[in-house]
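There are 4 protein chains.
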Amino acid sequence: MSIAFLGLGAMGVGIAENLLKAGHEVTVWNRSPGRDGHIVSAGAASARSPLEAASDASVAFTMLSDDAAFESVLGGDKGLLQGLPSNAIHVSMSTIAVSTADRAAAAHKAHGQRFVSCPVFGRPDAAAAAKLYVLAAGAAADIDEVEPLLTAIGQRTFRIGDTPSQANLVKLCGNFTIMAAVEAMAEGMALAQKGGVGKALLHEVLTGTLFDAPIYRNYGRILVEEAYTPAGFKAPLGLKDMRLAGEAAETYRVPMPLLSLVRDQLIQTIAREGEEIDWSGIGKTVAGNAGL
Amino acid sequence: MSIAFLGLGAMGVGIAENLLKAGHEVTVWNRSPGRDGHIVSAGAASARSPLEAASDASVAFTMLSDDAAFESVLGGDKGLLQGLPSNAIHVSMSTIAVSTADRAAAAHKAHGQRFVSCPVFGRPDAAAAAKLYVLAAGAAADIDEVEPLLTAIGQRTFRIGDTPSQANLVKLCGNFTIMAAVEAMAEGMALAQKGGVGKALLHEVLTGTLFDAPIYRNYGRILVEEAYTPAGFKAPLGLKDMRLAGEAAETYRVPMPLLSLVRDQLIQTIAREGEEIDWSGIGKTVAGNAGL
Amino acid sequence: MSIAFLGLGAMGVGIAENLLKAGHEVTVWNRSPGRDGHIVSAGAASARSPLEAASDASVAFTMLSDDAAFESVLGGDKGLLQGLPSNAIHVSMSTIAVSTADRAAAAHKAHGQRFVSCPVFGRPDAAAAAKLYVLAAGAAADIDEVEPLLTAIGQRTFRIGDTPSQANLVKLCGNFTIMAAVEAMAEGMALAQKGGVGKALLHEVLTGTLFDAPIYRNYGRILVEEAYTPAGFKAPLGLKDMRLAGEAAETYRVPMPLLSLVRDQLIQTIAREGEEIDWSGIGKTVAGNAGL
Amino acid sequence: MSIAFLGLGAMGVGIAENLLKAGHEVTVWNRSPGRDGHIVSAGAASARSPLEAASDASVAFTMLSDDAAFESVLGGDKGLLQGLPSNAIHVSMSTIAVSTADRAAAAHKAHGQRFVSCPVFGRPDAAAAAKLYVLAAGAAADIDEVEPLLTAIGQRTFRIGDTPSQANLVKLCGNFTIMAAVEAMAEGMALAQKGGVGKALLHEVLTGTLFDAPIYRNYGRILVEEAYTPAGFKAPLGLKDMRLAGEAAETYRVPMPLLSLVRDQLIQTIAREGEEIDWSGIGKTVAGNAGL
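Residue numbers (my numbering), protein chains in the order written: chain V, 1 to 292; chain P, 1 to 292; chain H, 1 to 292; chain A, 1 to 292.
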């Protein structure tokens, strides 16, 4: 299959390479040049604009950092909307707003193109190892068509619904649930510590009993070791996701006090620690607020 | 070993029977009479007061519903403090306040007795199956001495520290972390649902990816099925635990906004749904607050 | 002075009439036609577009309902930016985002025009009576120039700063402080009521002692009488203001947990009671959450 | 009238002197000796125990710092319950728990005595100037009987209800409302400041428009000047009052998220700043959390 791949960040590179390995023709493009050396030497073509990359594609993937990047790739004279052939499918993997996904779906429809939203769970190492979890939403027939591609890049695909933006909503719910778990562990650890119980021990108890899940093991370890820099996922990106979840919550009229709480913790963390700290750095805020 | 067992509620019965099965002499007592039929026919002796039950014991277990019950068993003319022989060990499994455990430790010391705090994680079925997780705190030598008994009733024992009340603190942290996870799932489900994504699907995504832990599977299922009654653990008991955690947080000067949030959610749940609903009924509150 | 006045809602009508009474030539425009009958018969001219209204003006006032309305009046072929003469002053009285005011300031500068932001405190009756409080920000010389006009419409002008959007920030702070006071009264009243003390009595005590201010008297009375409809200021507009305050808080990195709380209360109120309720309807939510 | 006055702290001294000035026979007692020099030289008698002070009194006032002090004055061999003559009235002015007031009412009834709860609003200077606001609850006939005494010490008496503890509930509502106002101002000031608007200016705008009340003027000035020490009312005392309000809220099943918020802010303030800071020191916490 002829594939365009737009966005060669830490996540995109691994995904694009897996599509290449699966035997597809892949044409790549990235906003900042010089990111495509390795994948081009492995057999991918390189394009100078989203339009050029997509002009012969039957499927175009995007993996971009935020809504602004997504919209600039989509629009403009050299954008994906102009370049993508009629009836071709845009598979969007970015974590973007529900409303942005809705607008993209409408724009593609107006251009006679198709749109499937497929955000993922997983870090760059999972992307490289084709171990992502994929959340797919859009017309069932469209997802059927790209399913072999999704299988090539992930370990499991969840079908979320007929409206593309529903996958984005679920992705935001997931990231919110992570932040909530971090906040809960951080508060418990601060209490334990001031009561004379080491936080490593509390972590061992929680993950050794009822909370034996990757999130508690991995983020708990970060909290115990206070390994907040270098960031795996920076606090401002986490804050962006909480804001997007909050916008959806306001649109759908859902009060989410715990979402509001972790958003405020992220803001405090950035205000005090700067923009480079990991989003789990709310643990530092929680401890500091307790005088630790 | 000669053991007194005080408190034959749903949890206590299973634990006492496992001590009996392990070959110990067990004398039981319960506040409300008529709960000891089965265990007595299995070989336990029955006593008419804590004092009588403990008078020949080298170890006395207590498994009581709250601080008031605990203190009434401990004190008074026929209480455990009067009955327990010098140098014998009181193993307290109740979920009580840190301050109550501290007072009990001091009282036993003044009576020449020893005190070990061993609250547990696990429901009645885990108690019956000897699958509890035990949190043990107190003098190391004292825990060593009762360790064979703890092994007979649980699948794993965590050593928490030298001060008995530290085990209670960790137990309260655990229950708080459960409530936090329920609140997070409930908010996510309300958002998903109002965005057109069924909550069963969100549950499948979360537990199928990053949150593959018993708490998310089991409580998530309750939220999906809205199976809030009959209660496995009633909301007022959950509120009691959050209050005890909050008292410790105030004593140790630890701000815990997420603890405050789930406490308020429990109060609202009880205010609107009554005292019989499960503590996971905060999910009903979250949904109702969103107009669902 | 030759004045354009854009936006003849409940607030705008009163303000425009006061400018007319002060002896100025006023040309009015409103998006939906038919709102200018009274003021035109009183001597104002009527225009068919912002451009037309502003083309001879030395000062143009805008009083619009939200950011979208503001931006559509500003932009476009027939918009204010096109119509306002060089060096003329745009006095914006709308409650809009800090970022929107910043963009407007830049756009006017690029067009060789001047921009002063003057949001107000006060209801339509205060607008009609020229009793508004005016928050003015922008270049000092520009404010000096329009000061006689501000005096004609309000009882007092506060000078906020050199950057126009600072006045918008202060206006949002004011509306937030109102909501916070309503939430506090509502919680106190719910507690009093369930403890057997009527909420009218609590209101009398608070306003008769430490809280003898218009906000507590007037909004407290609404809470006591549960007079949430018809709305004086609808909950969705209040939610909009809290969102704008929240956006500024995120931009400036200021955690505001109380702002987050009242925003969630507004969302719950709208989710359960609909879009027509007054923003003080959070009092109904607080009472309902307590089972009242 | 023959009056016992128990508790010569900063508040009690002023109140007792006003009762003396009004022509009554006053016998005073204080836990720590040496506080009664001035009032005794002004004509009061001095007693060595609550019992002794009250033995000839028709009315006994108490003004004590917390529940523990209150209960120790009431109970014991030399306590007020033993000393107060049959049918005499105990007027309690302390800010104590609703449940403590309920227990005191029951105890006095059992001793054939009467109990009226009369907590006050006002600082020591208001106590000295007989300008307190008095909240009176209890049997109407009992309040009628002590009304001349209340008039001698305050500027206004509010009748709260027939159950003495209702006055304590209203007092706690009042202190909560103060903390809520301080939190709101502090958040607004942090936002204004990071947006380039001085907090003194925001304070001037708020108190010059909608929030022209003593609480906003006086506490706002403390926030502007950051005059948190020496404390007028220490943070741990404020935290105690929030805890008592929270206990009542839990008992009556009233979720109070804003109360929870200010309680957590007080805990953070004490954790970071120590026990000596004023309760308005939450303003320092709010600013610090924003990186100011």
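One or more hints might be untrue.
It does not matter which identical chain is used: a pair holds within one copy or between any two.
Unchecked claim - The calculated lysine to aspartate or glutamate pairs, modelled on EDC-like cross-linking and capped at a C-alpha distance of 20 Å, are:
#  : residue 1 : residue 2
1  : Lys234    : Glu275
2  : Lys109    : Glu226
3  : Lys284    : Asp162
4  : Lys284    : Asp66
5  : Lys284    : Glu273
6  : Lys109    : Glu275
7  : Lys284    : Asp142
8  : Lys109    : Asp77
9  : Lys234    : Glu52
10 : Lys21     : Glu145
11 : Lys194    : Glu273
No lab work stands behind these hints, which were simulated from the structure alone.
Tested hints:
1. Lys234 - Glu275: Classified as within; 7 Å inside a copy, 36 Å across copies.
2. Lys109 - Glu226: neither (47 Å within a copy, 38 Å between copies)
3. Lys284 - Asp162: Classified as neither; 40 Å inside a copy, 27 Å across copies.
4. Lys284 - Asp66: Classified as neither; 26 Å inside a copy, 34 Å across copies.
5. Lys284 - Glu273: both (9 Å within a copy, 18 Å between copies)
6. Lys109 - Glu275: neither (38 Å within a copy, 32 Å between copies)
7. Lys284 - Asp142: neither (44 Å within a copy, 36 Å between copies)
8. Lys109 - Asp77: Within. Shortest intra-copy distance 18 Å satisfies the 20 Å Cα cut-off; inter-copy 29 Å does not.
9. Lys234 - Glu52: neither (32 Å within a copy, 50 Å between copies)
10. Lys21 - Glu145: This pair counts as within: shortest intra-copy Cα distance 19 Å, inter-copy 61 Å.
11. Lys194 - Glu273: between (22 Å within a copy, 16 Å between copies)
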